[in-house]
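If you want the building blocks of each chain, they are given just below.
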Amino acid sequence: MSTAETEIRRAPEPATIVEAGPSAEGRPAAAPAPVARARWTFWRLLGSELGLTFRRPRNLVMLGVLAAVPVLLGVTLRLMTADDEGGVGGIIAAAAGNSLMLTFASLSFLVTLLMPVAVSVVAGDAVAGEAGAGTLRYLLAAPAGRTRLLAVKYLNAVVYGFAVTAVVALAALVTGLALFPVGPVTLLSGTTVPVAEGLLRILVSVGYVGAGMAALAAVALAFSTFTEVSIGAIAASVVLVVVSQVLRAVPQLDGLAGYLLPTWWNDFDGVLRSPVDTAALGEGLLVFGAYALLFGSVAWARFTGKDITS
Amino acid sequence: MTTVTHEAGAPSGAAPPSGPAAPAIVTRGLTKRFRGGQVAVDTLDLSVPRGSVFGFLGPNGSGKTTTIRMLLGLVAPTSGEHALLGLPLAAALPRVGALVEGPAFYPYLSGEANLRRFDAADPTAPAATVRRRVGEALDRVGLTAAAGKRYRNYSLGMRQRLAIAAALLGPRELLVLDEPTNGLDPQGTREVRALVKEIAADGTTVFVSSHLLAEVEQMCTHAAVMRAGKLVAQGTIASLSGGQPVRVRIETPDAAAAVRVLAALGLAGVHIGAVEGGTEVTAELGGHAPERINAALVGADVPVRGLAVVRPSLEDVFVGLTGEGFDVDG
Ligand SMILES: Nc1ncnc2c1ncn2[C@@H]1O[C@H](COP(=O)(O)OP(=O)(O)OP(=O)(O)O)[C@@H](O)[C@H]1O
Ligand SMILES: [Mg+2]
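Here the protein sequences line up with chains A and B, keeping their order. The first sequence begins at 30 in my numbering and counts up by one. The second sequence begins at 344 in my numbering and counts up by one.
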């Protein structure tokens with residue numbers, strides 16, 4: 030064959046995706062898809078994806094476990110303080126004094142490992158799981174479109190990340206209200222704010238931690254595009270989190286800490302300053318955005334150029 | 344190489360390279376070299392006319408699935424080009440139903456939920472009609488009774504049927520079926536064959552890969568034969584068999600008398616062979632009517648024990664083409 034022909038249609042998905050021209054003439058019944066319709070079908074696929082994620086027993090069990098931890102934490106704290114035993118400090122101690130503080134305490138405890146594990150499972154499984162099961166080839170032949178499918182997979186993982194955060198916050202809030210005194214919240218800086226503002230600050234921290242989980246989801250999704258074994262991608266993501274947590278605890282590696290994603294997750298306690306430490310929160314969000322962009326690009330480059338041989 | 348060109352269903356003769364009159368599948372110099380150097384498909388030039396039932400034959404490992412993966416955009420060709428329905432790939436795929444290397448579904452979902460899932464992935468599938476279309480597809484493959492059952496609990500044959508149902512979710516102009524009868528019992532195999540014929544009768548082009556020569560012979564109007572990644576032959580079943588003529592075979596104890604009669608009738612290629620309990624005489628049928636040959640034999644007092652018209656099988660053709668058996672290609 031002549032070399033002139035060899036360059037055509039090398040990519041799995043040619044650049045002709047949006048060309049509605051030729052498709053209109055062959056089958057008049059299928060009108061050329063307007064942008065609005067394309068958008069609508071995107072939400073339909075996302076809906077299908079969310080349905081799979083939030084009906085899958087494994088994912089629900091993880092949400093259940095994450096909801097149970099704040100309850101256990103609250104009950105333990107209640108029993109401990111009933112014995113008038115000191116020894117705990119910071120956010121944890123404050124939780125015993127005010128119903129809202131249990132939410133911050135729970136987030137701060139769970140965001141270090143348990144929440145990242147849950148997000149890693151869903152995002153790490155996203156592409157690798159479908160590849161391993163063989164369903165990926167049928168989704169792409171449907172045709173889901175590689176970029177479109179990846180976007181749906183990422184948004185789905187982001188929604189799960191926010192759901193994880195919200196479930197923890199909600200369980201902690203309900204437990205806190207049931208077990209500890211309701212009243213004005215004393216912040217870490219010593220200032221006191223009314224309950225309503227305390228709730229608002231909880232909402233802000235849920236948004237911040239959710240964004241942190243969304244950044245992790247991009248990392249796990251990128252890993253997911255490199256393998257057909259989802260446990261591999263999940264493990265890689267969890268190991269990355271654990272190693273980062275260890276590294277940032279080493280004082281000699283202080284310079285490195287800023288580049289590690291987990292370093293920024295606990296900075297949601299900026300909402301417990303007075304005024305709210307927006308600089309710290311903003312900086313954290315920027316890091317999350319950078320991570321999402323970097324690993325999102327890696328995932329995209331890999332997934333759109335990959336041979337689907339499973 | 345016996346490449347046979349044919350009318351592509353276009354009324355005006357020569358088929359344009361694109362648009363609705365283009366062949367259902369065209370490839371030019373399509374090549375796939377996997378990492379590691381394995382050339383799975385080697386400069387493949389395929390042309391599948393619209394409305395045909397096209398058998399894609401080849402032994403295990405000859406590159407059938409790899410070709411199909413390239414056609415569907417799952418695997419990027421190393422070189423060469425291809426087109427489905429004369430359209431850009433993304434525009435063509437919604438009109439193509441595919442079964443690639445066996446069924447693959449979500450085990451924890453029901454058959455129906457699985458079909459809904461794949462329908463949701465197709466940006467051209469109208470959500471408003473999904474219930475009806477899923478119901479029709481399940482009905483077509485006889486899975487209505489098992490629609491609510493989890494895929495995990497499906498039998499092998501039910502899984503294969505569900506995969507075919509998934510390929511029939513929308514109005515399709517082309518069906519690409521990779522070994523659709525794999526794992527089916529004889530009854531299931533017959534049903535799939537009947538289904539393929541039914542679908543083809545509606546005007547849908549069917550491209551079906553198989554390593555079973557007999558199956559292709561029974562279902563297909565056209566065929567292509569692959570061997571170690573290379574195309575060995577393609578064309579209509581009739582034209583592929585063209586090299587081997589239709590023969591008439593007479594079983595008789597008096598071969599010499601039969602030979603005289605056949606020669607007198609002007610039949611060519613007369614051949615005498617031994618069969619259990621007698622001899623057989625074969626000759627090329629040519630334009631002769633078998634009943635007239637029989638009448639001539641009986642008229643000449645030749646004792647006829649049996650008379651049959653023997654059409655060459657694809658297997659004969661294939662062995663004739665390659666001079667080899669039908670073993671695995673490395
Ligand atoms: N991902 C891959 N990497 C390397 N080689 C591959 C890969 N996939 C297939 N091959 C090789 O390419 C060749 C063709 O394989 P293919 O699956 O296309 O054959 P096939 O005709 O579909 O066979 P079968 O009838 O057994 O399904 C084989 O030699 C196979 O080993
Ligand atoms: Mg195969």
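Bear in mind the hints are in silico, worked out from the structure with no lab data behind them. In this text the structure is predicted, and so the values were computed from the model without any measurement. Built from N, CA and C at the ideal position, the CB exists for glycine as well. The reader is advised that the hints may include incorrect statements.
[As the list claims (entries may be wrong)] Some, not all, of what chain A presents toward chain B, calculated at C-beta under 10 angstroms:
(1) Thr70
(2) Leu81
(3) Arg177
(4) Ala180
(5) Val181
(6) Gly334
Each hint, compared with the structure:
| no. | hint | result |
| --- | --- | --- |
| 1 | Thr70 | 4 angstroms, holds |
| 2 | Leu81 | 7 angstroms, holds |
| 3 | Arg177 | 7 angstroms, holds |
| 4 | Ala180 | 13 angstroms, violated |
| 5 | Val181 | 9 angstroms, holds |
| 6 | Gly334 | 8 angstroms, holds |
Checked against the numbered hints given earlier, the structure breaks only hint 4 and satisfies all the rest.
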